[in-house]
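J.: Using my numbering, the first residue of the sequence shown is number 1, and each one after it goes up by one.
To be clear, the hints were calculated from the coordinates, so they are not data collected in a lab. In this text, all values refer to a predicted model and were calculated from it rather than measured experimentally. Please note that a few of the clues may not be correct.
What the hints assert, rightly or not - Below, a list of computed lysine-lysine pairs in the DSBU-like style, where the Cα atoms sit at most 30 Å apart:
(1) 47 / 10
(2) 73 / 61
(3) 84 / 20
To be verified - For each label pair, taking beta carbons as the anchor points, the in silico distance ranges come out as:
(4) 108 / 54: 17 to 27 Å
(5) 29 / 84: 38 to 48 Å
(6) 38 / 82: 20 to 30 Å
(7) 7 / 84: 41 to 51 Å
(8) 12 / 101: 41 to 51 Å
(9) 108 / 50: 40 to 50 Å
(10) 80 / 48: 25 to 35 Å
(11) 72 / 6: 20 to 30 Å
(12) 11 / 41: 42 to 52 Å
(13) 37 / 108: 49 to 59 Å
(14) 53 / 78: 43 to 53 Å
(15) 79 / 15: 12 to 22 Å
Just so it is clear, CB atoms sit at the ideal spot from N, CA and C, and this is done for glycine as well.
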Amino acid sequence: MFHKGTNQVKQSRVELLMRKYELFKMSDHETIMDIYTRFTHITNEQKSLGNTFTTEELVRKIFRFLPMTSEAKVTAIEEAEDLKIVSLDELIGNLQTYELRRNSQQQERPRRIVELL
């Protein structure tokens, strides 16, 4: 009886984690590192329960949950990289660099408007 209960608990956890994985998305206030940390937690839990994903699957999932403002960057990465061999660290580093540049440009815009006035 104990074994059956253990399997049910494990199956429930797998299903819950799959749902979290499938519904995963980025909130407006989150940074790339914030979402990557949350995403890694979910995928590591899945791995510990026997579910694994290829790097390409993870990369494509990350692309899907990024905001529309990152669409041009996603397209550029897809065209420049072989998604079967790109590492998650490389991808996240690339996205962090893009995020930093975009945030820097957004901070400069209000100053430029004030300078023009």
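J.: Now tell me if each hint is right for this structure.
T.: These are the hints, each one checked on the structure:
no.: 1; hint: 47 / 10; in the structure: holds, 12 Å
no.: 2; hint: 73 / 61; in the structure: holds, 15 Å
no.: 3; hint: 84 / 20; in the structure: holds, 24 Å
no.: 4; hint: 108 / 54: 17 to 27 Å; in the structure: violated, 39 Å
no.: 5; hint: 29 / 84: 38 to 48 Å; in the structure: violated, 32 Å
no.: 6; hint: 38 / 82: 20 to 30 Å; in the structure: holds, 26 Å
no.: 7; hint: 7 / 84: 41 to 51 Å; in the structure: violated, 34 Å
no.: 8; hint: 12 / 101: 41 to 51 Å; in the structure: holds, 43 Å
no.: 9; hint: 108 / 50: 40 to 50 Å; in the structure: holds, 48 Å
no.: 10; hint: 80 / 48: 25 to 35 Å; in the structure: holds, 33 Å
no.: 11; hint: 72 / 6: 20 to 30 Å; in the structure: violated, 48 Å
no.: 12; hint: 11 / 41: 42 to 52 Å; in the structure: violated, 20 Å
no.: 13; hint: 37 / 108: 49 to 59 Å; in the structure: violated, 28 Å
no.: 14; hint: 53 / 78: 43 to 53 Å; in the structure: violated, 18 Å
no.: 15; hint: 79 / 15: 12 to 22 Å; in the structure: violated, 36 Å
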